[in-house]
Amino acid sequence: MTRSNSDLKARVGAGIRRRYWHERVFRALGFGALLVGLAFLGFFFYTLIATGYTALRQTRVLLEIEYRAETLDPAGNRDLAEIRQADFQGLVRDALQRRFPEVTERNSRRELFALMSEGAGLELRNRVLDRVPGNPDFIGTTESLWLLAAADTDMVVKGHIDRAVDESLRRVSDAQLGWIEALEADGSVALRFNKYFFTGGNSSDPELAGIWAATVGSFYMLIVTLALSFPLGVATAIYLEEFARKNRWTDLIEVNINNLAAVPSIVFGLLGLSLFINTFGLPRQAPVVGGLVLSLMTLPVIIIASRAALTAVPPSIRDAALAVGASRMQTVLHHVLPLALPGMLTGTIIGMARALGESAPLLMIGMVAFIVDVPDSPLDAATALPVQVYLWAELPERAFVERTSAAILVLLAFLLLMNLTAVLLRKRFERRY
Amino acid sequence: MELSTILFAIAGLAALSYVAGRQRAILVGARDAAPKFHSLPGYHGAYLAFWCVLPLLLVFAAWVVLEPSFLRASVLAALPSEFATASGDELSLTYNQVRNFVEGSSVAQNVSADIAAAADVYTAALDNSRLLLAWLLGGMAVLLFAIAWRRIAPAFRARNLVEKAIEYLFIAASLVAILTTIGIFVSVLFEAIRFFQQVSVFDFLFGLDWSPQTAIREDQVGSSGAFGAVPLFGGTLLISGIAMLVAAPVGLMAAIYLSEYASPRLRNYAKPMLEILAGIPTVVYGYFAALTVGPLLRGVGDSLNLPVSSESALGVGLVMGIMIIPFVSSLSDDVINAVPQSLRDGSYGLGATQSETIRQVVLPAALPGIVGALLLAISRAIGETMIVVMAAGLSANLTVNPLDSVTTVTVQIVTLLTGDQEFDSAKTLSAFALGLVLFLVTLLLNVIALNVVRRYREQYE
Numbered sequence: 001m002t003r004s005n006s007d008l009k010a011r012v013g014a015g016i017r018r019r020y021w022h023e024r025v026f027r028a029l030g031f032g033a034l035l036v037g038l039a040f041l042g043f044f045f046y047t048l049i050a051t052g053y054t055a056l057r058q059t060r061v062l063l064e065i066e067y068r069a070e071t072l073d074p075a076g077n078r079d080l081a082e083i084r085q086a087d088f089q090g091l092v093r094d095a096l097q098r099r100f101p102e103v104t105e106r107n108s109r110r111e112l113f114a115l116m117s118e119g120a121g122l123e124l125r126n127r128v129l130d131r132v133p134g135n136p137d138f139i140g141t142t143e144s145l146w147l148l149a150a151a152d153t154d155m156v157v158k159g160h161i162d163r164a165v166d167e168s169l170r171r172v173s174d175a176q177l178g179w180i181e182a183l184e185a186d187g188s189v190a191l192r193f194n195k196y197f198f199t200g201g202n203s204s205d206p207e208l209a210g211i212w213a214a215t216v217g218s219f220y221m222l223i224v225t226l227a228l229s230f231p232l233g234v235a236t237a238i239y240l241e242e243f244a245r246k247n248r249w250t251d252l253i254e255v256n257i258n259n260l261a262a263v264p265s266i267v268f269g270l271l272g273l274s275l276f277i278n279t280f281g282l283p284r285q286a287p288v289v290g291g292l293v294l295s296l297m298t299l300p301v302i303i304i305a306s307r308a309a310l311t312a313v314p315p316s317i318r319d320a321a322l323a324v325g326a327s328r329m330q331t332v333l334h335h336v337l338p339l340a341l342p343g344m345l346t347g348t349i350i351g352m353a354r355a356l357g358e359s360a361p362l363l364m365i366g367m368v369a370f371i372v373d374v375p376d377s378p379l380d381a382a383t384a385l386p387v388q389v390y391l392w393a394e395l396p397e398r399a400f401v402e403r404t405s406a407a408i409l410v411l412l413a414f415l416l417l418m419n420l421t422a423v424l425l426r427k428r429f430e431r432r433y
Numbered sequence: 001m002e003l004s005t006i007l008f009a010i011a012g013l014a015a016l017s018y019v020a021g022r023q024r025a026i027l028v029g030a031r032d033a034a035p036k037f038h039s040l041p042g043y044h045g046a047y048l049a050f051w052c053v054l055p056l057l058l059v060f061a062a063w064v065v066l067e068p069s070f071l072r073a074s075v076l077a078a079l080p081s082e083f084a085t086a087s088g089d090e091l092s093l094t095y096n097q098v099r100n101f102v103e104g105s106s107v108a109q110n111v112s113a114d115i116a117a118a119a120d121v122y123t124a125a126l127d128n129s130r131l132l133l134a135w136l137l138g139g140m141a142v143l144l145f146a147i148a149w150r151r152i153a154p155a156f157r158a159r160n161l162v163e164k165a166i167e168y169l170f171i172a173a174s175l176v177a178i179l180t181t182i183g184i185f186v187s188v189l190f191e192a193i194r195f196f197q198q199v200s201v202f203d204f205l206f207g208l209d210w211s212p213q214t215a216i217r218e219d220q221v222g223s224s225g226a227f228g229a230v231p232l233f234g235g236t237l238l239i240s241g242i243a244m245l246v247a248a249p250v251g252l253m254a255a256i257y258l259s260e261y262a263s264p265r266l267r268n269y270a271k272p273m274l275e276i277l278a279g280i281p282t283v284v285y286g287y288f289a290a291l292t293v294g295p296l297l298r299g300v301g302d303s304l305n306l307p308v309s310s311e312s313a314l315g316v317g318l319v320m321g322i323m324i325i326p327f328v329s330s331l332s333d334d335v336i337n338a339v340p341q342s343l344r345d346g347s348y349g350l351g352a353t354q355s356e357t358i359r360q361v362v363l364p365a366a367l368p369g370i371v372g373a374l375l376l377a378i379s380r381a382i383g384e385t386m387i388v389v390m391a392a393g394l395s396a397n398l399t400v401n402p403l404d405s406v407t408t409v410t411v412q413i414v415t416l417l418t419g420d421q422e423f424d425s426a427k428t429l430s431a432f433a434l435g436l437v438l439f440l441v442t443l444l445l446n447v448i449a450l451n452v453v454r455r456y457r458e459q460y461e
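Chains as they are written, first to last, in this note's numbering: chain L, 1 to 433; chain X, 1 to 461.
Heads up, some of the hints might be wrong.
[What the hints assert, rightly or not] Below 30 Å or equal to it, Euclidean Cα-Cα: the simulated DSS-like pairs (lysine-lysine) are: (1) 36(X) to 164(X); (2) 195(L) to 158(L); (3) 271(X) to 427(L); (4) 246(L) to 164(X).
Hint data in this document are derived by calculation from the structure and do not stem from the laboratory. These figures come from a predicted structure and were not determined experimentally.
Put together the whole structure using the sequences plus the hints.
Right under this line is the structure:
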């Protein structure tokens, strides 16, 4: 008897050990799964920041510029309209030529001149047009300026182009490398804040390309989306939650809204293309159309959030209002809606954040164009921030890689800001009834 | 006159009539011997405003919709006789030239005298149309204002009418969601039908060869274009399958850990962090898949002597899976939390360990909800666009090898519809047929999933 008892104990003990072992394994698996998600998040941000932060600064080269009168103002009458047309890039070329007088052969000279950006000439033009009206003698003087280098120069300076690899595998020739190193040796190369990235539109020259035009386009689109989807969403939610009777019709609307929230975004793009553009003849690439499509997409999100906010308001509030003689509409508009509004706004901000990150439907309605100018109104051709990321990601130049990462970081910063606002709003107005 | 000016005028009229109606009610109410008003003055103001503005807005909307066809008709009627035989496309082109010329577009400044003359017609017609609209709206405004103004009286039940109007506005708003679905279905179906007039449904759904490049000239090689969508469906399923292989176990285990094991502190931090993953735009995942994961896998493949395409389905599926993890985990988290505590307590009372309880009690109880969540995740994976556009291939290979490059339905839709193309070719229209299939499949998955989830919730409520 005692023998079989201890036998049983041993068997049960072994079973318990095995079961506890399973327990630990299962728990570790769960923790591992969580870690996988979080590790990817970390990896993700690490890669983006590591490749993107260099785009904040770009290379400038110190050159001694001579504002030669025969180039800038051959007529000598200081006419700004004529000066505007002058060959400012020529001044940059002259400066480079003076710095490296030994370069005489035609192809070598072209390689030398390619070290500097076209933007350098534009910077000189702005400076001259700015100075000459107050100081006509400015033309003819000489000064040292930090001017914008070309993207390839920038890449060499930042170390993204390996100087050690063979010339044939490199975008920059040995001669160009020599000149850059000569400039670096006498301290004429420096990394400065990259203002073009934050103020410019798209450009085929990476050193001049920026996200401002896309940001403005995204902004217009969000304004249109907000103006359309917030009132519509709130009104729908109020109707469904406070007025509609439960019947097959409202059931249909409800199923339909839940389903719309899960329809792939590209399908909304197809709707925009065939309805708004082909049937209604609205302009392609306009933020208005993008905003329309995005608001149809955001609408279900806002409706669902608004309904949840309305259900969270306790019935006692409604009963109290009705009891003192308010009509149903007065009850809803004067008492329920103000209490539900913070929740609705939270949902709206989250919907807006999703709309800001959306790009697939915008590809459908032609917002993938090459936009240089900042749009002035929601009717101008524009692109959006995520679409700009998409466009740059397709480009082969190394200089666009860091700009894509930086643009993503800016986009994520906006999204984080919006979500943070939503969280704070929820915290600030959260009520327990 | 600009349309925006007219809109501003209508908005001004709304404000004005509200103030006027309110003021009138107050004045009437202040008279001696006036009986008590049924409605507050504000309701009389709102009544007046609604009466004046809503019909005006309707007319305005109708005008905006109809005006372009009127302009087009008057311009085309004014064109010289040699345009009488022109085809519809040529007329459209001419009409666009005229409009570009009027709007001062830089590309259209050197145009023929005909176009310049037509442009004058266009400008005149536009001016006439706007002037007529302004007069019409103005007349209506005066008339409506007068009618509503006379109704303001103590016994007038303005509040009831205003509230009824607001309720109808709410109902109208809720119709937008329905109209969107109908709009999607009809517009996509319409274009898809035009496609199926050129290519048979059977060839499309069961054909094994996809090469939509129809030639410009008839005598070019391979000019026919093949529209068999099976390789696209295969590619989509392959990539979605890989994504689900990643997302389902990881997302589910993460949800189980968060809801059953994690301390409230860890849960408070880890859950929002996972949700950040869900908030990252898909274009970012696409960038990541194309620039980091694709080359990484290719490098690993090279070192193992495996031929891995840099656009391999594996890389795309992995990244898409990571994108879906938070989607699966937050949906399953809700579902698992909805399982009543009494079931767990019963299981513990019988001596089961926590993991046994989870596997044998909680998960079976939550199974319908989890299945629903996974179905929604699959629908999400099938419709995902940016990741595949940026990281998957363009050539339609019918293969189950995850190391090969495949293309998907969404990739083809984007490639077919971006860039220049004429709108009637089978190539362009095929995108809408693909869109129709995509819409129907995701619709089916969503409806099933939402139903399952809803029934499951009701079961424990």
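Hints, one by one, checked against the model:
{"no.": "1", "hint": "36(X) to 164(X)", "result": "holds (22 Å)"}
{"no.": "2", "hint": "195(L) to 158(L)", "result": "holds (17 Å)"}
{"no.": "3", "hint": "271(X) to 427(L)", "result": "holds (16 Å)"}
{"no.": "4", "hint": "246(L) to 164(X)", "result": "holds (19 Å)"}
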